[in-house]
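**Student:** Just so you know, the sequences run in chain order G and F.
Each step along the first sequence adds one to the number in this note's numbering, with nothing skipped, and position 103 is 103.
Each step along the second sequence adds one to the number in this note's numbering, with nothing skipped, and position 14 is 14.
The hints are simulated quantities; they were obtained by calculation from the structure and are not laboratory data.
From the three backbone atoms N, C-alpha and C, an ideal C-beta is built for every residue, glycine too.
Don't take every hint at face value.
[As the list claims (entries may be wrong)] Capping the alpha-carbon separation at 25 Å, the derived lysine to any residue pairs in SDA-like fashion look like this:
id: 1; chain 1: F; residue 1: K272; chain 2: G; residue 2: I102
id: 2; chain 1: G; residue 1: K65; chain 2: F; residue 2: G364
id: 3; chain 1: F; residue 1: K155; chain 2: F; residue 2: P390
id: 4; chain 1: G; residue 1: K187; chain 2: G; residue 2: E140
id: 5; chain 1: G; residue 1: K73; chain 2: F; residue 2: G364
id: 6; chain 1: G; residue 1: K83; chain 2: G; residue 2: C16
id: 7; chain 1: G; residue 1: K65; chain 2: F; residue 2: H26
id: 8; chain 1: G; residue 1: K73; chain 2: F; residue 2: Y361
id: 9; chain 1: G; residue 1: K73; chain 2: F; residue 2: G184
id: 10; chain 1: G; residue 1: K65; chain 2: F; residue 2: P366
id: 11; chain 1: F; residue 1: K396; chain 2: F; residue 2: L382
id: 12; chain 1: F; residue 1: K272; chain 2: F; residue 2: F252
[As the list claims (entries may be wrong)] Partner residues are not named here, just some residues of chain G that face chain F (Cβ under 8 Å, in silico):
id: 13; residue: I10
id: 14; residue: C13
id: 15; residue: A135
id: 16; residue: R139
id: 17; residue: S156
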Amino acid sequence: MARYAMVIDIDRCLGCQACVAACIAENLNSDASELEFQPKQPFSVLSGLLGIPKEQVPPAEYFVKKAVEESDKYIDVDPEKAKTVAQEVVSKLWTRTEVFRIVGGKYPHVELMLYHRICQHCDNAPCVTVCPTHASFQREDGIVLVDPNKCILCGSCVTACPYAARQVNLLTKTIDKCTFCAHRVDKGLLPACVETCPAHVRIFGDLDDPNSEVSQIVKRHKAVPGTPHGPIRHTAARVYYLPSSNYIVDVEKVEEEKEKEAKLMTDQS
Amino acid sequence: MPSKLLLYAWYGVLILLVISGIYYLHAYYYEYEAWETKDIIPWGLLVPSYVYFALASTGSSIINSLYTVFGYKGPNEGFEKIIKHGVWFSLITIIPAWTMIILDLGRPDHFLSMLTSFNIVSRIAWMGVLYSFFFLMLLIELVYFIRSEVNEKLKHWKALELAIAILVLFATIAVHSNLGEVFGSSTGVPAWYGPHVGAYFIASAVLIGSAWQLFFVSIVYKAKGGLSENLKEFFVKVYNKIFIIGIPVLAFFVIWNLIVAYYYPPAWEAYKHLLYGEFSKEFIIVEVIIGLIVTFIVAVYSYIKKNFLLTFINSIILIIVGYISKFDFIISGEIARLSFNYGGLTNNLNPYYVRFWPFDYDIGLPEKMMLVLAVSIWLILLTLGEQILPLERGEKPKKLFVFK
Ligand code: SF4
Ligand code: SF4
Ligand code: SF4
Chain G
1 MARYAMVIDI DRCLGCQACV AACIAENLNS DASELEFQPK QPFSVLSGLL GIPKEQVPPA
61 EYFVKKAVEE SDKYIDVDPE KAKTVAQEVV SKLWTRTEVF RIVGGKYPHV ELMLYHRICQ
121 HCDNAPCVTV CPTHASFQRE DGIVLVDPNK CILCGSCVTA CPYAARQVNL LTKTIDKCTF
181 CAHRVDKGLL PACVETCPAH VRIFGDLDDP NSEVSQIVKR HKAVPGTPHG PIRHTAARVY
241 YLPSSNYIVD VEKVEEEKEK EAKLMTDQS
Chain F
1 MPSKLLLYAW YGVLILLVIS GIYYLHAYYY EYEAWETKDI IPWGLLVPSY VYFALASTGS
61 SIINSLYTVF GYKGPNEGFE KIIKHGVWFS LITIIPAWTM IILDLGRPDH FLSMLTSFNI
121 VSRIAWMGVL YSFFFLMLLI ELVYFIRSEV NEKLKHWKAL ELAIAILVLF ATIAVHSNLG
181 EVFGSSTGVP AWYGPHVGAY FIASAVLIGS AWQLFFVSIV YKAKGGLSEN LKEFFVKVYN
241 KIFIIGIPVL AFFVIWNLIV AYYYPPAWEA YKHLLYGEFS KEFIIVEVII GLIVTFIVAV
301 YSYIKKNFLL TFINSIILII VGYISKFDFI ISGEIARLSF NYGGLTNNLN PYYVRFWPFD
361 YDIGLPEKMM LVLAVSIWLI LLTLGEQILP LERGEKPKKL FVFK
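Bound-form chain G, shown alone (with noise of 0.2 Å):
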């Protein structure tokens, strides 16, 4: 079975948001929205006794409804703000990743590093242990996902992700995470903003083949699973973050390295 994980190396990152927009794109509204997972929107149980039809919007459109809603607050005063505070909504709606720009310490001993909050899809997993009605859960190969139409959206789970890695979806009002692009990665795929990432910084793979470049980066480099600085809690984190600025991945050099060993394999077979 494979055992899937991340590595992202911060020190290649260039905080073009690439990744984030990714996200935005391959999950709001595609063919992520085939999913089995499907959430219903909300609908008052007493509005459904009293025979009340709700509309139910389409993801984009709500979501452009809103930004622009906030937006044309601002756009008579000032256009710039009207146009950062439309982003800022949809980044606020659309929260499954996000990079953040840290600035540490005082002047002149600054450090500046780029933040990626992702969900670490633990092997033990609070989140999923919480949960009192098996909404959030694991897969066997290890991505943990929520089923939206069984989340009663308790908040426990919310407060047993040591990560901030949960928020509410706003538009389906049920907890939302990054699902690892379950649904890519069952096709084969690369998880959207993998793909996307112009710096090869997000890395996806299977820790349980020897051959995959993450087993190899983990085997070999000194990620650390959680944040870069550890994890925070024991929860056996599965995205690893690479902090070290001596560390540059030689893409050429790995994919060499997995083509030899691989070859050792066939031979020894």
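For chain G, the structure is supplied; the task is to place chain F with the ligands on it using the hints.
**Tutor:** For chain F with the ligands alone, coordinates are given in the frame of chain G:
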């Protein structure tokens, strides 16, 4: 009883609040543009309020067990006189707790999954089961006490009385341990994380429960015109003793919480909010100075001077401080969440701060309305029970068939 008019006005206001609460919440839920802060403060106003009522109910139940399990009648047989009121209070006070936690669910329309897809290792899932058990046991205990007034055989069947009382105590402890674990195992909120939270809650429960019991039963007897000197003496002697022991125990756990947090920087973030931040006035002045020091001095003074009025006022203070302290403890923990060390420089920066900083928690109108709704329903039931049920010692049931 107070004049009929006053009583009707009391019911009238409460019913009006219930109706407006239901109307508002229905309209709001139908629109459903809410919960925008649910992911920042997933457990807002309603969760501390739920915890508070759960503590009041279980705390009162622990006090009841002094009589029901340990057979302590107190001076002037006070406990024997008030026990049915005490059980009724515990029983009905779990209702607002329930109401709040159900109203706090963002998707109550998915509630059925709690039954069809029960997660056996989830504390939240067990909460429903344990509260139902607790409620059922208290109901059985109340029915037993009422029926035994008309059934001699039942009255002398002490083994049964003790068995029920032990089960109630067991349910109380189970509910408590579970509640402590819900918070204590919150890996995402360092200020709550650890076994000390359960102990802190139990100490709070005893104080909140006893303060409520004293306040509620005194009001009931006053309204019925039967707050005798004997009963006042019982309250002064027993409840002050509970306060005198309970307050230092609670202070110990507050200090313990502080020490645990001090050595764990992410948890200390929450205490920064309590000690120097937006909650500092409430924490230092209300919780520590008034809630722990003043109440302790007043309890000792009124015990020595046998002053009922002061004891009564002290109970009101404990009731209010109990609520504020639970609110601050829970909300400050959520605001702080977690912090991590960045490049050797200790920072406040953490995923939550980065996402939401600067951030203040504003209590939304829907949350307030839910609180009003739950409390109004509770007060209606509490008053109705006192009117209808035969809760006096020796009082025989007249109105309800089941007790006859
Ligand atoms: S990072 Fe948080 S949401 Fe993701 S699996 Fe771990 S605990 Fe769950
Ligand atoms: S909010 Fe939803 S996913 Fe999270 S614990 Fe509650 S039911 Fe489970
Ligand atoms: S892997 Fe997660 S963060 Fe990346 S695109 Fe998919 S859902 Fe978004």
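**Student:** Look at each hint and say if it fits the structure.
**Tutor:** Now for the hints, and whether the structure bears them out:
| no. | hint | verdict |
| --- | --- | --- |
| 1 | F:K272 / G:I102 | holds (21 Å) |
| 2 | G:K65 / F:G364 | holds (23 Å) |
| 3 | F:K155 / F:P390 | holds (16 Å) |
| 4 | G:K187 / G:E140 | holds (16 Å) |
| 5 | G:K73 / F:G364 | holds (22 Å) |
| 6 | G:K83 / G:C16 | holds (17 Å) |
| 7 | G:K65 / F:H26 | holds (24 Å) |
| 8 | G:K73 / F:Y361 | holds (23 Å) |
| 9 | G:K73 / F:G184 | violated (43 Å) |
| 10 | G:K65 / F:P366 | holds (23 Å) |
| 11 | F:K396 / F:L382 | holds (19 Å) |
| 12 | F:K272 / F:F252 | holds (19 Å) |
| 13 | I10 | violated (12 Å) |
| 14 | C13 | violated (15 Å) |
| 15 | A135 | holds (7 Å) |
| 16 | R139 | violated (16 Å) |
| 17 | S156 | holds (5 Å) |
In this structure, the earlier hints numbered 9, 13, 14, 16 are contradicted, and the remaining ones agree with it.
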